[in-house]
Amino acid sequence: MKGIYAYSEALQDSTEITVIEAEGKSPREVRLNAEMKVEQSIDLSMLSAFILGEDLATDGLEKYLDVFYRDPYNSLTAFVVIAKGSVKDYIDASKSWSAEAGEYYSRLIRSAEILSYVPEYTLQTTGATLNSKGTDLVLPYITLDEKQQRPQLGGVALFSKGKYTGRVLKPDQSKVIGLLLQKKGRKIQFSFFYNNKPLSITVMDVKKKWKVTSSNSIKLDYDLQMDIQELSGDNLTDTKKIPEIEKFLEQKITEEIEKVITVLQEEKSDVLGVGNFVRVAKPEMFDENWHETFAELDIAVNVKGKILKVGIIK
Amino acid sequence: MKISLSRIQFFMLLFPLFTGFVYISIQSIIIDSGKRAAWLIFIVASILVYLLFILYEKTYKYFILGKVSSVIYQIYWLFHLSLLVSYTIFVVSTWMSPNTPKYALLLMLLIPSLYASLSRAETAVNIGAIFGTFIIFFIIFILNAADDFEYRNLVPTSESGLKEWIWGLIYSFSAYRNMECYLILRKYVMKNEKIAGKPLFYFVFLLFFMYMFSIITVSLYFSLDEFRFISEPLLYILHTQEVTFIKRLDLIFVFFWVLITIITIINFILVVKLVHFKKKRKYTKMRIVLYHILIFIFAYYFANFADLQWIRVRYWITFPIFGVLLPIMIITWNKVRGRTIFDSSNSSS
Chain A
4 MKGIYAYSEA LQDSTEITVI EAEGKSPREV RLNAEMKVEQ SIDLSMLSAF
54 ILGEDLATDG LEKYLDVFYR DPYNSLTAFV VIAKGSVKDY IDASKSWSAE
104 AGEYYSRLIR SAEILSYVPE YTLQTTGATL NSKGTDLVLP YITLDEKQQR
154 PQLGGVALFS KGKYTGRVLK PDQSKVIGLL LQKKGRKIQF SFFYNNKPLS
204 ITVMDVKKKW KVTSSNSIKL DYDLQMDIQE LSGDNLTDTK KIPEIEKFLE
254 QKITEEIEKV ITVLQEEKSD VLGVGNFVRV AKPEMFDENW HETFAELDIA
304 VNVKGKILKV GIIK
Chain B
248 MKISLSRIQF FMLLFPLFTG FVYISIQSII IDSGKRAAWL IFIVASILVY
298 LLFILYEKTY KYFILGKVSS VIYQIYWLFH LSLLVSYTIF VVSTWMSPNT
348 PKYALLLMLL IPSLYASLSR AETAVNIGAI FGTFIIFFII FILNAADDFE
398 YRNLVPTSES GLKEWIWGLI YSFSAYRNME CYLILRKYVM KNEKIAGKPL
448 FYFVFLLFFM YMFSIITVSL YFSLDEFRFI SEPLLYILHT QEVTFIKRLD
498 LIFVFFWVLI TIITIINFIL VVKLVHFKKK RKYTKMRIVL YHILIFIFAY
548 YFANFADLQW IRVRYWITFP IFGVLLPIMI ITWNKVRGRT IFDSSNSSS
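These protein sequences, in sequence, are chains A and B.
Everything in the first sequence is counted per this note's numbering, starting at 4 for the first residue and increasing by one.
Everything in the second sequence is counted per this note's numbering, starting at 248 for the first residue and increasing by one.
These are calculated hints, taken from the structure and not from any lab test.
It is possible that some hints are incorrect.
With the C-beta cut set under 8 Å, the calculated list includes, among others, these residues of chain A facing chain B [unchecked claim]:
id, residue
1, Ser44
2, Ser51
3, Thr80
4, Pro174
5, Gln176
6, Thr257
7, Asn292
The calculated DSSO-like cross-link candidates involving lysine-lysine, where the alpha carbons are at most 27 Å apart (straight line), are [stated by the list, open to error]:
id, chain 1, residue 1, chain 2, residue 2
8, B, Lys410, A, Lys187
9, B, Lys494, A, Lys136
10, A, Lys186, A, Lys214
11, A, Lys66, A, Lys150
12, B, Lys410, A, Lys285
13, B, Lys282, A, Lys136
C-beta atoms are modelled at their ideal positions from N, C-alpha and C, and glycine is treated no differently.
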C-alpha cells in the first residue's frame with residue numbers, strides 16, 4: 004500500500020507544498036514510514052481531505068478507514084474522496100497552488116455539496132453508512148483535467164456493500180442523487196430545452212413520501228418547489244404557461260430520476276437508503292439479501308413540481 | 248458522623264452518584280443488547296426503577312445496616328470506586344492524555360477527593376451545583392449533530408426479541424445502580440422536607456431524561472452495528488462536531504466529565520464515611536487516607552482495556568445484588584423485627 008501526504012511548509016518569505024510518499028502494509032505503517040522522511044511527525048488532527056485511489060476502493064473501504072476512527076487525535080470531519088488514476092498526480096498538481104492540497108479539495112467538495120452534486124459525507128458518516136445494512140455509500144469522484152492538470156469533480160462513485168462498484172455517475176446525474184437525498188439549505192439546478200429555448204430552474208425545497216405498494220414494488224413521490232432562473236425569449240404574463248412548464252419539468256425530472264435509479268439497480272447500489280425505509284415500513288421485505296431484492300425492485304417515481312418564483316422579470 | 252440535608256442537597260448529592268460515572272459509557276451496552284427497541288426497553292426499565300424508588304421511599308426507615316451488611320457494602324464500594332477511578336483514567340488516557348503515567352492521572356483524581364473528604368461534609372454536599380452548567384452545554388453541543396440523525400434507526404422495535412429485551416433490561420437497570428445510596432442518604436434529610444410524591448418524581452424523571460436523551464441521540468447518530476466498536480458514543484459524537492472556537496469539542500467534555508467524576512468520588516466517599524463512621528472510631532483521618540490509598544492500588548491494576556472490558560460486561564450484577572436484593576432483605580428483616588432508623592439512632596445516641 005502506498006500513501007502520499009501533502010502539507011505546507013513555511014519558508015523565509017513564502018510557503019511551499021511538501022509531498023511525502025511512503026509504503027507499508029497498513030495505513031498506520033505508511034504513516035510511520037512517511038514520518039521517517041521528514042523532520043517532524045505527521046499530525047492528522049487537521050486532516051481536511053482523504054483521497055483514495057479507485058483501485059483500492061474496489062477492495063472495500065473499511066480496512067483503510069479503521070485507523071482514522073481508532074485514534075481520537077484524527078479529524079473525523081475530513082471529506083472522503085475517490086480519485087480516478089493515481090492519487091500522486093492529484094497531490095503533485097497541488098504544488099503550484101497557493102492553497103494547500105487538503106484545503107483545495109475540501110473547498111471543491113464543499114461547493115459541490117452546496118449545489119447537491121455530491122451528498123454530504125465525512126469520515127464519520129462514511130463509517131456509519133458502511134455499517135448500515137440498509138443503505139450504500141456514494142462518494143465524490145474526482146478526475147484530472149489532462150490539459151490543465153487541474154482536478155475537477157467527475158461525479159460520484161457508487162458503492163455496494165462497502166465496495167466501489169467501478170461505476171460513476173457524472174455530475175448531471177449525481178445531482179439527481181442530491182435531489183433524492185435532499186438536505187435542507189441545498190439547491191439543485193436543472194437545465195433543459197423547453198420549446199427549443201433554454202430553461203434553467205433551481206429546486207428550492209423537496210418533500211418526499213415513499214410508500215411500499217407491494218412485496219416487490221415501491222413508490223417514490225416527490226413534491227418540488229422550484230424557481231425559474233432562466234427562460235429566454237418567452238414571457239410568463241400568460242399564467243396558463245406556468246402549469247404547462249411545471250408539467251414539462253415534472254416529466255423531464257422524472258425521466259432523469261428513472262435513469263439514475265436504473266443505474267443504481269444495475270449496480271445493486273442502494274445509495275438512497277431504500278433498504279432502511281423498507282426495513283421500517285415492511286420488515287419482511289428486508290433481509291441479508293437486500294441488495295439482490297433492491298436490484299429487482301419495481302420502483303415507481305412520481306414527481307410533482309410547483310413553480311413559486313420566476314425572478315424579477317416575467 | 249452526622250449531617251443534615253435539605254431536599255435539594257439530598258438530590259444534588261444523589262444526581263452525580265447516579266449519572267457521574269456511567270453516563271458516557273452506558274449507552275453502547277444498552278443499545279448493543281436491546282438493539283432497535285433499546286430506547287423502549289429503557290423506558291420500561293425506568294418505570295420499574297421509579298416503582299423501586301417509591302418502595303424505598305416508603306420503607307427507607309427500615310434500612311438499618313448491621314455489622315455484616317456494612318462490611319459487605321464497604322467492600323463493594325471499595326471495588327466500585329476503584330473501578331470508577333480506573334475507568335476514568337483509562338478514558339482520559341485514551342481520549343486526552345496518552346503519555347501521562349497512570350499514577351499521575353490517579354493522583355489527579357484522588358487528591359481533590361482526599362482533600363474534600365478530609366474537609367467538612369458540606370464541601371461534598373454543595374459541590375454538585377456545577378452540574379447544571381455542564382448539562383445545558385452538553386445538550387446544545389450534542390444537538391449540533393442533529394443534521395446527521397437518522398430517525399429510522401429507532402424502528403422497528405419488533406426486531407428485538409426476548410433475548411434483546413432481557414439483556415436490554417438488565418443493562419438498562421445498570422444505569423440506575425447505586426440505589427442503596429438513596430436509602431443510606433435518605434435518613435439524613437431534614438424531617439420537615441418532603442421527598443415522596445412530586446419531588447421524587449421530578450428527580451427520577453430528570454435522571455431518566457438525561458439517560459433517555461443520550462440513548463436516543465446516539466441511536467439516531469450511529470448505525471446499530473457501530474455500537475459493537477464504539478464504547479463512549481457521546482464523546483464520539485462530540486469528537487465529530489466541527490465548531491469554530493475549538494478543534495476538539497470532545498476534550499472540553501472529557502475535562503467536564505473528569506470534574507464530575509471527582510464530584511462522584513467525593514459524594515461516594517461521603518456515603519462510605521456515613522456508614523463507616525456511624526459509630527465513633529479512632530484515627531478518622533488516617534482511615535480516609537488509607538481508603539484512598541487502597542483505591543489507588545486497585546485502580547492502578549484495573550486500568551487496562553482487557554480487565555475493564557471483562558468487568559463492564561459483567562457489572563450489571565451489582566444492581567440486582569447491592570441495589571435491590573440486599574436492601575430488600577435488610578428492609579424486610581428490620582420490618583419483621585419492627586426496628587426503624589429512628590429507634591436505631593436513638594439507641595446509638
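Right, here's what the structure says about each hint:
1. Ser44: violated, 13 Å
2. Ser51: For A:Ser51, the interface hint is violated, since the closest Cβ of chain B sits about 11 Å away, which is over 8 Å.
3. Thr80: holds, 5 Å
4. Pro174: Because about 23 Å separates A:Pro174 from the closest Cβ in chain B, which is outside the 8 Å limit, the hint is violated.
5. Gln176: violated, 24 Å
6. Thr257: violated, 25 Å
7. Asn292: Violated, because the Cβ-Cβ distance from A:Asn292 to chain B comes to roughly 17 Å (cut-off 8 Å).
8. B:Lys410 <-> A:Lys187: violated, 39 Å
9. B:Lys494 <-> A:Lys136: Status violated; Cα separation ~31 Å.
10. A:Lys186 <-> A:Lys214: It holds: about 20 Å lies between the C-alpha atoms, which stays within 27 Å.
11. A:Lys66 <-> A:Lys150: violated, 34 Å
12. B:Lys410 <-> A:Lys285: holds, 23 Å
13. B:Lys282 <-> A:Lys136: holds, 14 Å
In summary, the structure is inconsistent with hints 1, 2, 4, 5, 6, 7, 8, 9, 11 from the numbered list given earlier, while agreeing with the others.
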